Amino acid sequence: MNAAAAGAGEYAELGRDAYALVEELYPICRSITGNGLRATLDVLQRRIPLSRIEIASGTQVFDWVIPPEWNIREAWIDDAGGRRVVDFRDHNLHVVNYSAPVRARLPLAGLRPHLHTLPAHPDWIPYRTSYYRESWGFCLSQRQLDALREGEYEVCIDSTLAPGSLTLAECVIPGAVSDEVLLYAHDCHPSLCNDNLSALAVATLLAQRRAQAPARHYTWRFVFAPATIGAIAWLHRNEARVGAIRHGLVLASLGDRGALTYKRSRRGNADIDRVGEHVIARAHAGSCEDFSPYGYDERQFCSPGFDLPVGRLTRTPNGRYAEYHSSADNLAFVTPAALADSLRACEQILALLDTNARYLNLAPKCEPRLGPRGLYDLAGGQAPGEFGHALLWVLNQSDGGQDLLAIAQKARLDYGLVARAAAALVNARLLRRLP
Amino acid sequence: MNAAAAGAGEYAELGRDAYALVEELYPICRSITGNGLRATLDVLQRRIPLSRIEIASGTQVFDWVIPPEWNIREAWIDDAGGRRVVDFRDHNLHVVNYSAPVRARLPLAGLRPHLHTLPAHPDWIPYRTSYYRESWGFCLSQRQLDALREGEYEVCIDSTLAPGSLTLAECVIPGAVSDEVLLYAHDCHPSLCNDNLSALAVATLLAQRRAQAPARHYTWRFVFAPATIGAIAWLHRNEARVGAIRHGLVLASLGDRGALTYKRSRRGNADIDRVGEHVIARAHAGSCEDFSPYGYDERQFCSPGFDLPVGRLTRTPNGRYAEYHSSADNLAFVTPAALADSLRACEQILALLDTNARYLNLAPKCEPRLGPRGLYDLAGGQAPGEFGHALLWVLNQSDGGQDLLAIAQKARLDYGLVARAAAALVNARLLRRLP
Amino acid sequence: MNAAAAGAGEYAELGRDAYALVEELYPICRSITGNGLRATLDVLQRRIPLSRIEIASGTQVFDWVIPPEWNIREAWIDDAGGRRVVDFRDHNLHVVNYSAPVRARLPLAGLRPHLHTLPAHPDWIPYRTSYYRESWGFCLSQRQLDALREGEYEVCIDSTLAPGSLTLAECVIPGAVSDEVLLYAHDCHPSLCNDNLSALAVATLLAQRRAQAPARHYTWRFVFAPATIGAIAWLHRNEARVGAIRHGLVLASLGDRGALTYKRSRRGNADIDRVGEHVIARAHAGSCEDFSPYGYDERQFCSPGFDLPVGRLTRTPNGRYAEYHSSADNLAFVTPAALADSLRACEQILALLDTNARYLNLAPKCEPRLGPRGLYDLAGGQAPGEFGHALLWVLNQSDGGQDLLAIAQKARLDYGLVARAAAALVNARLLRRLP
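Residue numbers (the numbering used here), protein chains in the order written: chain A, 1 to 435; chain B, 1001 to 1435; chain C, 2001 to 2435.
For reference, chain A alone in the conformation it holds in the complex (with noise of 0.2 Å):
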């Protein structure tokens, strides 16, 4: 049963399995290298085939060097009245993020600089990282924070920062032809649902379901990776071929309760804009906005010496809720009604990109008859109905400068009738798909 098919109660059960995938990936400690990380894909390799690449930390990746590999055992704080006052065991986001290890007695004074909160929301725990800079801390609620007393405390995170490597992970489920779509989810945050337990859990199942369906037209190429460190360096691994990439999406954010955005990449008019728009504007009431170089890993894709027509999807964009970058960015945060409908968008945008070609018509001059070739049967006189409408328009505008997106569009007509006139048509022999 194809995508476009499935009905709403396929989706409905497609978002409680996106949502089951979701609370197994949570509890699991990630980071930008390390064995969370590797512990992540070995899930979602259940349910797909991910090939893995290990890049040795060092290695230079354009401006930038693979990190040392972080791995953290055990991280805590107790009072001078042997009370565990903060421990990683409760929460992954207690330890910032790729903290370098430390053993020490303290004051609270000299414990202070170390402990991050968010004051406005006094019951949650920030999402802080430092892996670029050695460092060490803690993230705890202002609550936490408030009711520790003067004294000494002792603090122990028992991590490594060692030469190690950092991991990609792709899927590639081979098309009619070897273009490529990318299909790009961020994989390093820790326990926080909608900021990427979601893309991972709607990416697989897209994966998974394309796996089962017939050939379609693209090669999708799926890409699970760190942000920025990770998306640089599979750029870095990948520059020989990018070429192939015909049409990318970012997907990122996909749980939350919000609309769905589609941004669009830096190059605006891209045909992954114009179907982004299409799709998201039109069947999603959702909203489209421009490129800027703010946001998740469209910034490397879209970065001027790639300039890759590479969009991004997501519900709510990152920073524009309070529970962003938070452990209120909990399993609570994300829906399955909200993971199904995204899952059901990144389908749909995929289905009308196989098949919005630019098309030659193979006998432009003046009409073709459409009568003998059984395709308009009507008593002379008459009007043709939408079916016939569009063959005209496809047969008229198809000098292989627009593509039937864009022949829709103009002739105000539903990009599926235009679809299906064009796979007429073709079926005819009056009409040949441009690569």
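Everything labelled a hint here was simulated from the structure, so no lab data went into it. Not one of these hints is a red herring.
Under the rule of at most 16 Å between Cα atoms (straight-line distance), these lysine to aspartate or glutamate pairs were calculated in the EDC-like manner:
1. Lys1410(B) - Asp2290(C)
2. Lys1365(B) - Asp2063(C)
3. Lys365(A) - Glu1239(B)
4. Lys1365(B) - Asp1399(B)
5. Lys1410(B) - Glu1386(B)
Computed from a prediction, not measured in an experiment: that's the story for all the values here.
Fit chains B and C to the supplied structure of chain A, relying on the hints for placement.
Using the frame of chain A, we list chains B and C on its own:
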């Protein structure tokens, strides 16, 4: 007396003359081939010089084949009592155009599939054709059909479908240059006044008046041809020389009481599109619409293999009035005033096309002195008048890249004023018209 | 102290200084040639270095010829009783500029064709010229005219029209590059304050201040020349080197109480047009208008054979205030505050032009690391501030195709912030300015 100068009184008279021509053509039974079509051209030829081409049945023209020639003598239905219940002598529309010959006795049930009515308009006879699928039929009013009793009927269609030819006609009126303006009207519809005796009459008067006028810039080529197959056959014969067509206009449905409608060419921004919009929207309070591949023979001229700069002028477009393709499109449906207004609009468009060239300023460095050339005679310190402004605009903008209409629109000046300024500057050898 | 940093107090003082210069120039009787013009340049030369060129009468400059030089000593009308009813000593405007010498006795009827008034403003004297048609005349108020009785009058215009020369003046202030910004003001009008002593004063102060400032990017070339013939003569002499003009601004009518008006160059989208619009519409709540071939000497710079990127800055444009070209354009019509505001606008435009280049990101593949370069110092997980955003925008968009102003407008960031970000990135060797 030239077109632009003709006053309201002259146009009223021209409208009556055009209406008389419609009246003369109305009784003839036309089709896409045959003697009715030739008789129609005979009428036109009494007013304007026509050259005719006969294209033999069976000739391949692009994807199409010239059909057998159709001629009809009589057609009727008699009831069991010998009463003639439908008779072609009463109205040309009573027989399905291109009906094969038939002589048979049938029960009403057997006859019904061959009978066509317009239930929503019970007094009107529909117009139906069957050019490319051999069949026969009658068209009648719903009231006539309702009056038929069960029983046997005798039907007779005394027609011939036999090898012959399709007739094309042209009238060429030379101008100063061999580049052409194409004016095209379909001439195949039987007793339907708006569609398209109106345009035949307007085109004929246009040619008549131009032939008597002093030579103007472009050569005008009028083509009278059957809809679809005629336009296709004409394009097939003239494929090598369509490059001479600088501007073109399909004329149709120019007699009804609705406002004028200019339909853009497929290019959308051809000179004819800008001129058509300027004249129709400004001087005639009409409307403009984008090209679509449904309508009249602009479909063939604007097929992607030709993509000619051919727009269309109608009053109410086909299919947007109830009387369309029915016996209600009769002599009462068209008016002398509407025909006169259409003629006047055509003449305004053609006059504007004639002068609307790209010009080159021959003294482009700084302003030339206008005073010594008698073009600008003001005491220093005072502002120039409208004509002075027009001179400055034409000089400043005539870099060969934009035509007078674009200059007039940018300057927000009347086109006629700008054209007079250009003529004065040409006269003063400060400006040269580009081909 | 540079222009941008100058505070309101400093500009108030500058406005008073500019006004004093207008007062000093007001009594001089200027024309397009002659000693009044030279005396005017002497006044400017006491403040800024001027080089002068004298072009001999009779010299052909494109379509024009330098006229004879005009000088005037006295001009009056006496009535029959010997009473002096009009005297050039009272007001320079009393004589038609470029009047040929005359000494005659005439009845009032014979005198009338030589008398010019403004009936709608009975107390004002009009400004009239007759440069290119030899004649003579007087301008007077309607009240003066009404008071004249029938009878004989004696008229005297003691002027000379003789071979001499037209005077052009330039002040060049070098910048880091030899590419130029042209600043042009006409200097031929007699006692008219807004048109154009205002612009002479603003341009002079602009040059004065720039000459004292540290060298900036472009070389500035100030041209002071008579209207029309002077601009044409200057372009004729400088035809081979106008390619050095990167941006230009005609300055005129900068002292009235109206808002600033930027008039676009003929190109419409030149850098000066975007910068002019940005500064005038944003910082000065002024208005912008498209090029038209009527106005001041932008007509010559923007003639199609030159089509230079030269816009125009005025307050109320010529012809849109009643006082225009009359004795009411006097010292009361212009204000120190308006002169100060105009000067400030010019300096803002010029400062923006100086930094508003196209830049090239030298690390265009993915984002470069900003942290190690001291440009970006945030705990991971937090959003960048405005300056951080400006850095990201400049890096992302600096592909050599768009300038900082375009980037600031796309990013909806303050231009100054974006320019500071670009400077920091140049300093960090991540960005290079393109010529």
